[in-house]
Amino acid sequence: MNPEELIGRREGWFETGLREGPVISSRARLARNLKGERFPDWAGEKNRVRLWGGLRELFLSHEWIAGAAAWEMGELDDVDRELLYERHLISREQVARAAGSGVLISPDERTSVMINEEDHLRMQVIRPGIALHEVWREVNELDDGVEGEVTYAFSPKLGYLTACPSNVGTGIRVSVMLHLPGLVLMEEMNPVLKGVSRIGLAVRGLWGEGTESAGHMFQISNQITLGKREEDIVDHLEQITLELVEHEENARKRLFETRETVLEDHIGRAYGILSHARILGSKEALDLLSALRLGCDLGMIDYARREQIDRLLVHTQPAHLQRIEKQTLPSGERDRVRAGLIRSMLRGEEQT
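For the sequence shown, position 36 matches number 36 in the UniProt record's numbering, and the numbering has no gaps at all.
Some hints here could point you the wrong way.
To be verified - Straight-line alpha carbon distances no greater than 25 Å define the calculated DSS-like cross-link-like pairs of lysine-lysine that follow:
id	residue 1	residue 2
1	LYS157	LYS35
2	LYS35	LYS228
3	LYS228	LYS194
4	LYS46	LYS35
5	LYS157	LYS46
6	LYS253	LYS194
7	LYS283	LYS326
8	LYS283	LYS194
These aren't lab readings, by the way, just hints derived from the structure by calculation.
Start from the sequences and build out the full structure, keeping to the hints where you can.
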């Protein structure tokens, strides 16, 4: 199996029927390192290759992730690494790595393990909708299995030791991906984001750390784990997520009640551009698809399905377009192909 084959599958975190409302997905990730081993960035290629091989075989032999695919970054070309990143299976840092760094991915793409990214192990579980306790429980079960076979770098005083100080302690990072067009269009997003930041949560764009918001999508996650219980971290984020959902739903309701014509124009204009444009950049496409997604949620349109829109949000990204076309494409050509793919999908012509 190669990464290109993932395109024919539904992303596990964009599953139809389980993601109604503003919450797209929930994710839990654990950072772990092996006792007596240097962190990957200080280990040297020879040691990274050794660790990758040993950890890869450990996971595959125990079948903690049944049917997992395993890929070393050095064996993949630039487009395949970007494709994994666009599907939220590896980080931007992992894209840049080569020999001795890799990833294991479950068939449904809900569980993945990065080996020798910033830490020796980055185990993550992702599910559609509000499922923070479920993903935390699943990644904990995976972690328990691994910890029965290896010895982690652990300090009785500090907790699990990690390359980045912000992960020291529990090593857990929980996050939700939210679609918040109501708050953005009502010009209420900035105060909300400031409030979230003040209580110790991080706000990032669609593809996580170092990215800006696109398509009115935001990732909200915890930041510091030292001195905190895992249960408290999960409970806190769930509480804030439910409050954000309430704010977003209220904003959508007020938007519909007070600016219905403006809202209809916003959605209709997006559809007009998407269904006729011959050139579309990545960010422009995301913003326009976001408008259609909002229209679906509000029951205002019947000419596009939520499933179509969610697939296009991923499949119109640069690496996906190039694998769909089976060739490397310069930026301008990708914009042309992106526009054509969207027109075809909106006409009901399945091409992916």
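These are the hints, each one checked on the structure:
For the proposed pair LYS157 and LYS35, the alpha carbon gap of about 16 Å is at most 25 Å, so the pair holds. For a cut-off of 25 Å, the pair hint linking LYS35 to LYS228 stands: about 22 Å separates their Cα positions. For the hint linking LYS228 to LYS194, the alpha-carbon distance of about 22 Å falls within 25 Å, and the restraint holds. Pair hint LYS46 plus LYS35 holds up; C-alpha atoms about 18 Å apart against a cutoff of 25 Å.
With a CA separation close to 32 Å, the supplied pair LYS157 and LYS46 exceeds the 25 Å bound. As the CA atoms of LYS253 and LYS194 are separated by approximately 23 Å, the hinted pair is consistent with the 25 Å bound. Distance check on the hinted pair: LYS283 and LYS326 sit about 22 Å apart at the alpha-carbon level, within 25 Å; holds. Restraint check for LYS283 and LYS194: the C-alpha separation of about 24 Å stays at or below 25 Å, so the hint holds.
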